[in-house]
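Colleague: Please construct the entire structure, taking both the sequences and the accompanying hints into account.
Taken in sequence, the protein lines are chains S and G.
Numbering follows the working numbering, with no gaps: position 129 of the first sequence is 129.
Count along the second sequence from 1, then add 1000; that gives the number in the working numbering.
If you're looking for bench data, these hints aren't it; they were derived computationally from the structure.
Hints are all accurate, no fakes.
Partner residues aside, some chain G positions facing chain S, computed with beta carbon under 7 Å:
hint, residue
1, Gly1060
2, Ser1062
3, Phe1068
4, Val1073
5, Lys1154
6, Ile1188
7, Leu1189
8, Phe1193
9, Ala1196
Quick look at which bits of chain G chain S covers, simulated, 3 or more residues with Cβ under 8 Å:
hint, segment
10, 1157-1166
11, 1174-1187
Subject to a maximum C-alpha distance of 20 Å in a straight line, what follows is the list of computed SDA-like cross-link-like pairs (lysine to any residue):
hint, chain 1, residue 1, chain 2, residue 2
12, S, Lys176, G, Ile1162
13, S, Lys20, S, Val89
14, S, Lys49, S, Arg108
15, S, Lys176, G, Val1073
16, S, Lys176, S, Leu88
17, S, Lys176, G, Ile1077
18, S, Lys123, S, Ser46
19, S, Lys49, S, Asp112
20, S, Lys176, S, Asn6
21, S, Lys176, G, Leu1076
22, S, Lys176, S, Phe7
23, S, Lys20, S, Asn173
24, S, Lys176, G, Pro1083
25, S, Lys176, G, Phe1072
26, S, Lys20, S, Pro87
27, S, Lys176, G, Phe1069
28, S, Lys20, S, Ser177
29, S, Lys176, G, Leu1074
30, S, Lys20, S, Val31
31, S, Lys176, S, Glu2
32, S, Lys176, G, Pro1075
33, S, Lys49, S, Glu105
34, S, Lys20, S, Gln10
35, S, Lys176, S, Ile166
36, S, Lys123, S, Ala141
37, S, Lys20, S, Ile199
38, S, Lys20, G, Gly1060
39, S, Lys20, S, Val8
40, S, Lys176, G, Ser1163
Quick reminder that beta carbons are idealized off the backbone N, C-alpha and C, glycines included.
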Amino acid sequence: MEWDWNFVWQIMPTLIQGVKITILATLLGSVLAAVVGLGIALARRSPNKALSRIVGWAAEFIRGTPLLVQLYFIFYVLPDIGILLPPLVAGVIGLGLHYGTYTAEVYRAGIDNVPRGQWEAAKACNLSARQTWTHIIIPQAIPPMIPALANYFIAMFKETPLLSAITVLELMNQAKSVANTYYRYIEPITLVGAFFLAISLCSVVLLRWLERRYGKIER
Amino acid sequence: MTQWSGYLGLILQGALVTIELTLMGSVLALIMAFLAGMGRLSRFFVLRALATAYIEFFRGTSIFVQLFFAYFVLPLIGLELTPLQAGVLALGLNVGAYAAEVVRGAVQSIGREQHEACIALNLGRWQGLRHVILPQAFLVMLPTFGNNAIELLKATSVVSLISLADLTFQAQVVRAQTGNTMVPFATILVIYFVLALLISWGVRSLERRMARGLDGVRV
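Modeller: Rendered as structure tokens:
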């Protein structure tokens, strides 16, 4: 079978549609993961032992099981208990929850890396717990985390093809449907790979820049 | 009431396939990791370029796309693979690329004085690597290798989409036959989690075993 450029141009608009959904899912998933991760990280630091233990175990469980199965679970099991989600929403929730458990570790490390002297100084200045967090800890903890967070968002981007298994019409699913219609696999699948490689390589450049800009930990 | 024992047998069969895939994929990943990792540290430009290209390509595109490429596109250029072979190939090469960076990082983390000591003892490049550098570097690699193996285990769920009868596939079969979604998916989630725990436990005990006799040395 030969590579056919005409066919490539013919299927390109369909694939671009898919790329849009892929990027949309990644962005929404990243936002959710950032929020969920912060929630988990804060819950694990909570003085309430039961809460921190339960959240810790749940996060461990989610991290130890495949995203694909979690997506199936959200998409097929939740309707049984009356929660019917559109595919894209189910996919974004799955991505967000799964990667939230990873970003939680990033937040934890970031918060732990703020030197103890800062906490003590905040106390010495008579700042309340809320003021300590918003004015002292978070502003120092966030910048070093940014490259690590971005790393996970890129990883998430590469997991989005899994959403095709729960019928989200993203890049991979568009490619598969094109391939099944014309019965040509070389071009669509190769193009999907090329799209991913191109976007990943661009994001690596962005990541390097983020690392240079924020990654330095002052000692 | 459905006959769950028969279905449980089906799911356990799937678990065997998943374990088999994980083991074979890990072996391939380990081989590729050392080849590419040492390749990146090579004196020869060609080897470095080859290793970098391999690592960037497999880390930059999604495992899902690679698997589809191996299963649907390779036959078209005359390389016929069974689903199992395609799965092992894609998983091994993908995770191997991630692990290669771990190998490189670990070897580079061994201090200069160790290299200088090798030269002082008149060890050849290979001897120094084999008897001095790698035994120490391997201990640094182990924990991350454990994480990589768990990633590989989770990635095996994707092979269900190229019709290989692993855990996820069997859960879908059970779901189709019984109409019950909750039970099979909850079961396989637990099985995946137990397998992941087994891997991390195994790696931790291996680490203790390997660290013996290295007390007082760095690490």
